[in-house]
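With chain A's structure known, arrange chain B on it following the hints.
Sequences listed follow chains A and B, in order. Sequential numbering of the first sequence, starting at 1, is according to the UniProt record's numbering. Sequential numbering of the second sequence, starting at 1, is according to the UniProt record's numbering.
Just so you know, these hints were derived from the structure itself, not from any lab. One or more hints might be untrue.
[Claimed, not checked] Derived coverage of chain A by chain B (criterion: at least 3 residues anywhere in the stretch with Cβ under 8 Å from a Cβ of chain B; other residues may be distant):
1. 46-52
2. 154-164
3. 245-254
4. 261-267
[Unchecked claim] Only part of the chain A face toward chain B is listed, based on derived beta-carbon distances under 10 Å:
5. Asp69
6. Asp70
7. Met130
8. Phe133
9. Asp134
10. Pro135
11. Arg136
12. Asn140
13. Asn144
14. Thr149
15. Pro150
16. Gly151
17. Phe242
[Said to hold, decoys possible] These stretches of chain B come out as covered by chain A in the derived footprint (C-beta under 8 Å, 3 or more residues):
18. 248-258
19. 395-403
Please read all numbers here as calculations on a predicted model, not as lab measurements. Heads up, the beta-carbon is just placed ideally off N, CA and C, and yes, glycines get one too.
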Amino acid sequence: MKKTYSGIEKKLSRWGWFFVAPSLFFFSLFSFYPILNAGFTSLFRKKILSLKPPTFIGLKNYIYLLQSDDFWNSIRATFVFTIGTFIPLLVFSLLLAVLILNIKKGKKFLQLAYYAPAVLSSVVAAVIWMSIFDPRGLGNQILNFLFNTPGIDHKWLADSTMVQLSTILVYFWKYIGYFVVIFIAGLAAIPGSLYEAATIDGAGKWQSFWRITFPLLKPTIILVSVMSMLQCLKTFSTQYLFVQSGSPQAPINVITLNIYNTGIRDHLIGRSSAMSIILFLIMLFFTWLQFKTSKADDVSY
Amino acid sequence: MKKTLMIFLSLAVLALPLLAGGAQEEEGPITIKFWTHEDPNRTTIEERYIAEFEASHPGITIERVTNSSAKMPELLLTAFAANEGPHIFNTQIEDGYAYIANGRVAPIDPVIAGFKSNDELRDSYVKGVLDAVSEDGNIYGLPLELTNWAPYINKRIFRDAGLDPEKDYPRTWEDIVAVSEKIVKREGQIITRRGFDFRYPYYLVSVVPMVEQLGGKLISDDGKTAIVGDDAWLKLLQFMADWGPSGLNLGSPTYKNARKLFNADNNDMAMAMSGLYQEGRIRADNPEFYESGDWMVIPFPQFENAVKEVASAYYGHFYMVNSQKPEREQKAAWEFITYMLSHSEEYLTEVGLIQPTKKLMSSSTFASIPYADVFASDMEKGNIVYYAENSAKIQELIKEAIEGVMLSGISPEKALASLKVKAQEVLDQE
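Next up, chain A with everything else stripped away, as it sits in the complex (with noise of 0.2 Å):
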């Protein structure tokens, strides 16, 4: 019998499936499965330690927490920290990769410099931050130095509005340079003949990053906005040592650190789950949105 052979097309896929098969297993082991663990144990109530079966409660996990004022400051905790760190990320990250690549010396030290905070643990980070935080730190001699205003506290870890803020210094140190060198990859992939031929049109450098640089810089700026927001959304590290530090947590209890604290402190694990399945809507909801409003495809040299 003539065997009969599949188009090529059919073959390049069935080679991409198998190649492409150990990332689906362990994306849908180590993702897919604990994401369906938790919605189904967010149907029940159960404590951490009990031995019993859980019981069923279906969506009262959900309803309770809606009416809660304390998962709803958690929202807005989540939203301001996210909205304060992830805006400034995307902008100065961009702006400094434009500065880094226009300057002639130091290029690669400036670009080791703005990264080198990214590779510390966010423990770390925000262990030397709240150095600086102290009374007698870094941060009240600085600003006091600045301002001539000597023996001012500015209470970077007491304040209910400080601590917000002192969070957000954190996690924009700590990423900017993660996103600048993303930046500085999109901004590398730029063809220079599209400079080239804007300069002989005439056009400044201002004209060139705005009817240039920027428009085919989408893809990349898409990327790191999606990122960046996904990161800030899902921040617990640096609140949860503020707090162990004894900042008061109302104003940056963040949904990541209430599911915690519902979860370990509180033993309530089917309600932590419900917790965190919405905090997956929302990161859902908000990248899907990203996409929807952005038409990223449109780029092209």
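Using the frame of chain A, we list chain B on its own:
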């Protein structure tokens, strides 16, 4: 028939390794995982006890793992949630009670501890010591320490501030404020030397007793009402508001740990709240300061208008055994715990931990410990810390209220109203 017989014999042969393995497991070596919190002084003696125990019990290996006391509760919780808890652990009773309530720990056989019955075992301790770990007639833990807190004073700083530490030490909380105001130093608004500061995360131990002094309670006697005695709680919250950065700025939860500063004797902390064990840590951290005699311990302060004399609550770190381990391993674990706790005098002299057996408390060794009488006297005026499955949450709510008035400018009335509602909800869920 012959074929059937052959199949049966083959299956029997295959089963032999399983049976042999099972038998071997029952008689094989045992490794006991022992999790405890960091304490360099205690590590020294317990490593020796491990070596001695292993030498006398061939086939038993003890793996001791230390973690910070702050991290222990969550490490234990996640381990037990995954059914991978250690054989032996200790934690404060306000965190540990949940393990008893949920059947996660095994009762001790009093015979292992050298007693004929649980009652006899209980009677070997000061009255009430084992109540917190007793359920259904069984005893589920033995105390590594029962600890209360009292203020430690740096006499040198007192003298520097023009105070006589022997005469001018604070007796009341109002005195604490007055003395602190004399001692505190600042560069503008920034404190460079504190008089006293609280141990902010542990409100159940040292702040709830302040409320009780004023006539309030955390939980009503019938166990149904949370946050009893509004006037008392309001006074406490106002006191803390006045103490904090928004008031007199004599201390704050965000400032450095007072105890560690105290040990260093760097002229930046005059008084710190701690237990008897702090003496051992001073000796280890700063032997010169320890030997100088420039420190002392004073009784827990009382409010001037206190309606009841109450000292700090005492909490227990109890050694417990994981009930999910095989019975022979549980037995070995309890044997090891018993062996460790047979050295209560050494725990006292080397580490500063009180394991309040009647024998120890009446011993000359206890009497010879500096300021042991202060702690013992205060312990008689204190209650065991509040413990329940919801202890950690209740403490967190008190923290929220106190830090709200100290740091966020929330009024005591508003903070109390919120605390009452939330604490009642937690209590009702119990």
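Verification of the supplied hints:
1. Residues of the region 46-52 of chain A with a Cβ under 8 Å from some Cβ of chain B number 5, which satisfies the need for three, so the listed coverage holds.
2. For the region 154-164 of chain A, the stated coverage by chain B is satisfied: 5 residues place a CB nearer than 8 Å to a CB of that chain, which reaches the threshold of 3.
3. Coverage of a stretch by a chain is defined here by at least three residues with a beta carbon nearer than 8 Å to that chain's beta carbons; for the region 245-254 of chain A and chain B the count is 7, and the condition holds.
4. Counting residues of the region 261-267 of chain A whose CB lies closer than 8 Å to any CB of chain B gives 5, which reaches the minimum of 3, so the coverage claim holds.
5. Annotation: interface hint on aspartate 69 of chain A holds; nearest CB of chain B at approximately 9 Å, less than 10 Å.
6. For the restraint placing aspartate 70 of chain A at the interface with chain B, the shortest Cβ-Cβ distance is roughly 8 Å, inside the 10 Å limit, so the hint holds.
7. Given hint, methionine 130 of chain A at the interface with chain B, holds; its Cβ is 9 Å from that chain's nearest Cβ, closer than 10 Å.
8. Checking phenylalanine 133 of chain A against chain B: minimum C-beta separation of about 9 Å stays under 10 Å; hint holds.
9. Annotation: aspartate 134 of chain A was flagged as interfacial toward chain B, and the flag holds, the nearest CB pair being 7 Å apart, inside 10 Å.
10. Annotation: interface hint on proline 135 of chain A holds; nearest CB of chain B at approximately 5 Å, less than 10 Å.
11. At its closest, the beta carbon of arginine 136 of chain A sits 6 Å from a beta carbon of chain B; the interface hint therefore holds under the 10 Å criterion.
12. Against a cut-off of 10 Å between C-beta atoms, the interface hint on asparagine 140 of chain A holds, since the closest Cβ of chain B lies about 6 Å away.
13. The criterion of a C-beta within 10 Å of any C-beta in chain B is met by asparagine 144 of chain A, whose closest approach is roughly 8 Å, and the hint holds.
14. A least Cβ separation of about 8 Å between threonine 149 of chain A and chain B falls short of the 10 Å threshold, and the interface hint therefore holds.
15. The beta carbon of proline 150 of chain A is positioned within 10 Å of a beta carbon in chain B (closest approach about 6 Å), and the interface hint is therefore held.
16. Below 10 Å, beta-carbon pairs count as interface contacts, and glycine 151 of chain A has one with chain B at about 1 Å; its hint therefore holds.
17. Given hint, phenylalanine 242 of chain A at the interface with chain B, holds; its Cβ is 9 Å from that chain's nearest Cβ, closer than 10 Å.
18. Counting residues of the region 248-258 of chain B whose beta carbon lies closer than 8 Å to any beta carbon of chain A gives 5, which reaches the threshold of three, so the coverage claim holds.
19. Coverage of the region 395-403 of chain B by chain A holds. Counting CB-CB distances below 8 Å, 4 residues qualify, and the rule asks for three or more.
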